[in-house]
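K.L.:
Could you put together the complete structure from these sequences and hints?
Below are the chains, spelled out letter by letter.
2 protein chains.
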Amino acid sequence: MIHALDLLLTPRTVAIIGASDAPERIGGRPLHYLLKHGFKGDIYPVNPSRKTVQGVKAYASIADVPKAVDCAIIAVPAALVVDTVRACVTANVRSAILFSSGFAEVDEEGGAIQTEIQTIAAQGGMRLLGPNCLGVLNSSIGWFGTFANGPAEVDIRAGGVTGIVTQSGAYGSHIYMAAQARRVGIRYWVTTGNEVDIDVAEVIEFYARNNDVKVIVAYIEGVKDGAGMRRALEAARRARKSVIIMKVGRSKIGAQAASTHTASVAGKDSVYDALFRQYGAFRATTMGEMVDLAYACQFGFFPQGRRMCLQTISGGAGIHMADVADEEALEVPPLPDDMQSKLKALIPHASVRNPVDFTANAVNDPELLPRNLDLTLSSGLFDGHVVYLTSVPGSLFTRASCLEGLRRIRAAHPDAMIVMSMLVHDDVAAE
Amino acid sequence: MIHALDLLLTPRTVAIIGASDAPERIGGRPLHYLLKHGFKGDIYPVNPSRKTVQGVKAYASIADVPKAVDCAIIAVPAALVVDTVRACVTANVRSAILFSSGFAEVDEEGGAIQTEIQTIAAQGGMRLLGPNCLGVLNSSIGWFGTFANGPAEVDIRAGGVTGIVTQSGAYGSHIYMAAQARRVGIRYWVTTGNEVDIDVAEVIEFYARNNDVKVIVAYIEGVKDGAGMRRALEAARRARKSVIIMKVGRSKIGAQAASTHTASVAGKDSVYDALFRQYGAFRATTMGEMVDLAYACQFGFFPQGRRMCLQTISGGAGIHMADVADEEALEVPPLPDDMQSKLKALIPHASVRNPVDFTANAVNDPELLPRNLDLTLSSGLFDGHVVYLTSVPGSLFTRASCLEGLRRIRAAHPDAMIVMSMLVHDDVAAE
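Heads up: the sequence lines are chains A and U, in that order.
Sequential numbering from 885 applies to the first sequence in this note's numbering.
Sequential numbering from 885 applies to the second sequence in this note's numbering.
Read the hints as simulated data drawn from the structure, not as lab findings.
Among the clues, some could well be false.
[Unchecked claim] Just the calculated beta-carbon pair ranges, DEER-fashion:
1) U/Pro961 to A/Arg1122: 34 to 40 angstroms
2) A/Glu1212 to U/Arg970: 44 to 50 angstroms
3) U/Glu1118 to A/Asp1221: 43 to 49 angstroms
This structure is a prediction, so every number in the text was calculated from the model and none was measured.
We treat Cβ as the ideally placed atom computed from N, Cα and C, and that holds for glycine.
P.N.:
Here's what the structure looks like:
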């Protein structure tokens, strides 16, 4: 049996209801992006007044589409949504994405229509994403079931292992782009909006069971199904996946805004803190923290303990790192005396206690860094190494030798957790 | 009378003692960078064994240089520093930068030599920067008295109003590059190292009195002259300049590392907290926070009170912004009823209370944003506006109309504090 979210995230046949010939319109964008990104499945634009849409043969109604549709995008005004959902159910569409807004997030009348949609889909066995959402994407097959310009207009990083799920579409779009800029490879992206059917918890659980996903990033305004969320977090924990969550609505005004956005109930904040802690999910407080963590987790190296070896080309950064290690309850044990003596022989003016400051001499002698690292890595005394290199690996003068040394170290210590801090252009970081 | 720091930061004649023909060596880099950046002053390389260095006529000793030298860079091994400093004093050099390390930060013997250097320079009336520092730069005249590759290899942003001063050279180099990447325009950069003479406090005070500087960024490991630091912060406060400080050495291991780095005494952390608070200096805790603040402060718009109007294309971001405003004790008062009605007429499905969520409709109607903003800006009810636009100003489809609308708003409200959050390419942000 195919999981409902596989139909939504890896469809073979898609329909776009309300498809527009103008690529900049909300109804025109998904088709534009699918064509641009070379989506390999069948695409059926539905538009009663056109023979073709953006050059693709169009159909007057969903009933006219010749194949069974795995996923239909519904991009019609709110007033037409009920009839469209009914038509999809009749046509045996298996899942649908509802872009349209103007439902429970606006008023009671909207809420009643939303319930009607929900009932029609549930009775017809059609899974629903939204309404009031920006859709989905699966970067590995060029599936852009979204009108969000952000994710669709940036370059895709192949082979991503991160799955993003977000109640807010535009915020989710921002997460996508910030993560992409931070060199996070993103596999799946799902925006759930008002969640009449598929909710954040179901998507987290799907990611937990999906072998392509190693890192799960979620943005949550409110959780309706507490038990479902517990089940999802438990599944992710069992599968040893990294879960990074932004839960907003901590403040009174924030919680109020959540109710008029995706009609969410923000809930008691301390309950979420406890829930996330219980299942080892990390609660981020800024966008930057969220994407930094996703970046770090995607490589799959995790320390087994708290003993850190700090190495630095900047004594100042060594002090700052030691301060932060202390705040995070990490240990920075001094190097054994014999190792300090060996390092002292390599770098006469260096601090060798831990943090190890190999000073600006590393600029003149490219072998300092790999020798240093080889000594401390081989000792087995540390659970992780943090190495601060600032711009040296990117400098015209030191780039080649520095990167060569680092590659040698990685080859000699393939399983060691080594965090490198450098300020370099993208192409250097990529090596 | 010319201020000593003017000689150091805006020299007309410079000597490089220990100048190397190899541009990648520490003694070769300053000359390489000066030539590359078109420094207009006179440059005198000093090297006893060469006629020219990197194509520039060289002199056997500082005594042979034909003009009075405003600033000499001393790039010689530690063992030669005492004699070199003495020769500079004899030759009436007015200020000198000491790159060399191996002094008080290493051991007592080094400390004694450092004291000797200090005495020779003080008696001869020559100002000293360092030792154990990376030098200085003044981007407005192409003066790169540094061997730091980072600042010298990035593009310079013209017209910067930020002055950076840092005890750690490599950390300071990182600040420079992170700030530059964040679109902070940097005018001056000074690294003070072991501070035998010029210290962070003197540079802060210089920046406070310098009309080209509006934002002061400082990295501090320890303060030897508390009264001098108070005077400097007081001067900056009187001149209404933004002061952003990173003070490290909070932890025991961090403080220990500071003593072996620039021989600093970190001191009691709470004392620094109180000192910075007293003079309105902001104490940053991360590099990101430091450069974000420098970026925001350089435009010179500051709110007169705490009432914020939050506007957003993402309801999710609205909630997050409201949470953060609450944490920072900012007010997010509801819009008056008549204004809510007007906005409701513009955007049927929007939240109009505050945060104002103009929803994805802004994608279809480029006039929504400027109309919205014009209404709330004209009301005079708010001390600041924060507008979250994510990628819309950068999208192929919306870029032109969106930027045009924003320019109109800025022209109509030239003095309003408006913070824009957008995720776009550099060229778009620049407009």
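K.L.:
Hint by hint, note whether the structure agrees.
P.N.:
We went through each hint and held it up to the structure:
Range check, U/Pro961 to A/Arg1122: about 60 angstroms between beta-carbon atoms, so the 34 to 40 angstroms window is missed. The supplied range of 44 to 50 angstroms is met by A/Glu1212 and U/Arg970, whose beta-carbon atoms lie about 48 angstroms from each other. For the pair U/Glu1118 and A/Asp1221, the supplied restraint of 43 to 49 angstroms holds, since their beta-carbon distance comes to about 47 angstroms.
In terms of the numbered hints stated before, the structure departs from hint 1 and from no other.
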